[in-house]
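2 protein chains.
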Amino acid sequence: MTDFQRPRGTRDFPPEEMEQRRIVEDGLRKVARSFNFGEVMTPTFENTELFVAKSGPGIIDEIYAFKDKGDREISLRPELTAAVMRYYVKELHTRPKPLKLYYMGNCFRYERPQKGRYREFWQFGAEIIGAPSLEADAEVLALAYYCAVGSGAVVTDIRIGHLGVMKALFEKAQIGDDLQADIRRYLDKKDFDGLDAFFAEKGLSPETLGTLTELVNLHGNRNILDKAQELMGGDCADIVYLKDLARRLNSYGIQDSQYSIDLGVARGLDYYTGMVFEIDAAGLGAESQICGGGAYSLSETFGGQQIFSTGFAFGFDRLILARSSDEEIIPKLDIYFIPISDDARLKCLELATELRKAGVSADIDLLGRKVGKAFGYADTIGARTAIVIGDKELAEKKVNVKDMATGDQTPVEFSRLLDHYQNK
Amino acid sequence: MTDFQRPRGTRDFPPEEMEQRRIVEDGLRKVARSFNFGEVMTPTFENTELFVAKSGPGIIDEIYAFKDKGDREISLRPELTAAVMRYYVKELHTRPKPLKLYYMGNCFRYERPQKGRYREFWQFGAEIIGAPSLEADAEVLALAYYCAVGSGAVVTDIRIGHLGVMKALFEKAQIGDDLQADIRRYLDKKDFDGLDAFFAEKGLSPETLGTLTELVNLHGNRNILDKAQELMGGDCADIVYLKDLARRLNSYGIQDSQYSIDLGVARGLDYYTGMVFEIDAAGLGAESQICGGGAYSLSETFGGQQIFSTGFAFGFDRLILARSSDEEIIPKLDIYFIPISDDARLKCLELATELRKAGVSADIDLLGRKVGKAFGYADTIGARTAIVIGDKELAEKKVNVKDMATGDQTPVEFSRLLDHYQNK
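Protein sequence lines correspond, in order, to chains A and B. In terms of numbering that gives the first Met the number 0, the first sequence is residues 0 to 423. In terms of numbering that gives the first Met the number 0, the second sequence is residues 0 to 423.
Quick caveat, the hints were computed from the structure, so don't treat them as lab data. Here the structure is a predicted model, which means the values were calculated and not measured. Accuracy of the hints is not assured; some may be wrong.
Identical chains share a label here; the pair holds if one copy fits it or two copies do between them.
Stated by the list, open to error - Calculated pairs, BS3-like style, for lysine-lysine (alpha carbon to alpha carbon, straight line, at most 25 Å):
1) K189 <-> K166
2) K188 <-> K346
3) K396 <-> K96
4) K96 <-> K346
5) K96 <-> K391
6) K369 <-> K396
7) K372 <-> K226
8) K369 <-> K331
9) K29 <-> K331
10) K226 <-> K166
11) K331 <-> K166
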């Protein structure tokens, strides 16, 4: 007989994990709404060309790309931003600016499964499209921070950089765009040996390499911006920009101790244009990053007009891991009914229905278990209280509500049962 | 330049539709929790053999089936029950019975797109696994009904049948299982001409066809069960079963006027074994069904032990359509801040942050629009109130809260602003 397996690298989620995931999702959603971001959703698969346009043809090796029955090249989405920008270019671009959008969805990558890396995973992200950089950058940073907090993560650092600082240095040294992109990839991987070799190979100035290395190793409080300005010869506008940004973060309730300036944040992707940031959380070990984002320019890649955009994405599965594991989230059942006769069963159904309509969670023995076994089951599934109903209870129109933790019994009339649970 | 299109037959959802979808989803979730059903989630794709085992090899033509890079046959799921039963057989079967599970997810089918039929669509479903039929059937019916109501649909009928009644008739007439399955498919499509021809072709008794036709055309209140019992010669246990079920529905607060007995409900699928039902809602035109379900046996198909299961699935997109369209659901913004100086901007950020933390939705002009234009934008995005802050407001530590609907202005001190919004 066939042994039906879950596909490799994927997961099934039991109720106790789903409960936790929904709590985190609700936390993110609540924060996004309070910032007046509106949710959008795009299809789970897209025409493959969309992802190639964003990330180059190499992406095909890393994603679920296939032909549909009409011979169209489609792919399961590896991330959500490309589709949102496609949606913006085709339809949303006529809406009043700025557009503040958020989204949450499953993404897919084809890679060897390993600890904490799955072939289906979830992202939560947001974008502001069509607002000039400083105010939008600050708003997006604040949203990302409060989303992390709202999801239950303990944020240890918000590392903020600006690609314009490096770019100014490269331009002074007359290093072209292609080489700049290569250099950013070395920096994103923190591969300084590789960077040394690359500078040597391309015959780039060792002095520029020295300044660059100093620059990207600048990581600390906002005071390092003065040091950076010195390194740049005192005329870098993007350093002034970061100072203005820092001032706004304070107004957003994000203190100087809660973020850092890190001019080494390079993000590996070519479409970032200005401010970039990453958020780290406690409890995740060496790989502590839960979020990355920044200002970018993608609309024109998908046929739209160039427009200032800034956004971020959280790895939702990492957010789940980042929650304090001390916190116990067991779905608790308010009340478990145990009928011991047919008439009592009908009464249980009536009472349960009344309670459920009011949002009280109620369950009923469906197996006709004996009272002792039914209590055992109620305990197993985490019921807070249990009620046995038999002929005596029907005659007296009254039950004993048993507290499953203490064993205490409280007599309550049928007609007062809803009150009893609502006022608990 | 490439024109980046959304894949054929799929949809993008703007914020106002997502708001509506989340409201419906939350309604379903709340009801499922009140019934003590726990949520599970399974992968978006499965090994293709899973769907073939459930529905036969013909299913491959109707789904997104493809080979992954490891040459494994995988498919985007066309429905959710098969995966949940796989999960049950492989992992959840050791949990205490009954298992009450619900789930919501996207499903895919490869077919010509047409009005209201999409290649990616959503289902919401629930199952009780491992409880004997009557109590579980009643509980699942009640859950389905209250989910429909909780989602905002106006339920016009719950049509309840039982495959055992037909089966008893077939067995009396010595019609084998294969022919029974064929007959059920004609009935599910209400193809009575086809059924006549089929009976003639297979040489089956015209008398049986006559009784069958009378039986499946019985549709009305529970009193038709007496008529059905007559037709069956007075000894059909499954008709008695339906009477017991009806009695339970009353206890669940579902009155006789709210459901009907319809012995013609055949469900097109072979794994249904007993009680079957369909729910109709208002506002959907000719195709009024929003939910189908019943008792089934699938665990053994996936290598598990046979176990009584009963469940249902809602077409989530149909539930959205079934909501009264009179109801206006525009995401409303509580407050829109308009700063008219740099210092005022920082104060707006502070005030907005305080409000947002308390769950009040607040937005701030990010474009530095002039006051008149900013009010226009606030109106466009549906802000309930707007506040202008300039030097005067900073000096007096006080703002005028403008009601966008009436134009009324209310003076409120900075320190009282949160109070003002929380007590509205």
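Could you check the structure against the hints above and give me the numbers of any it violates, in ascending order?
-> 2, 3, 5, 7 and 11
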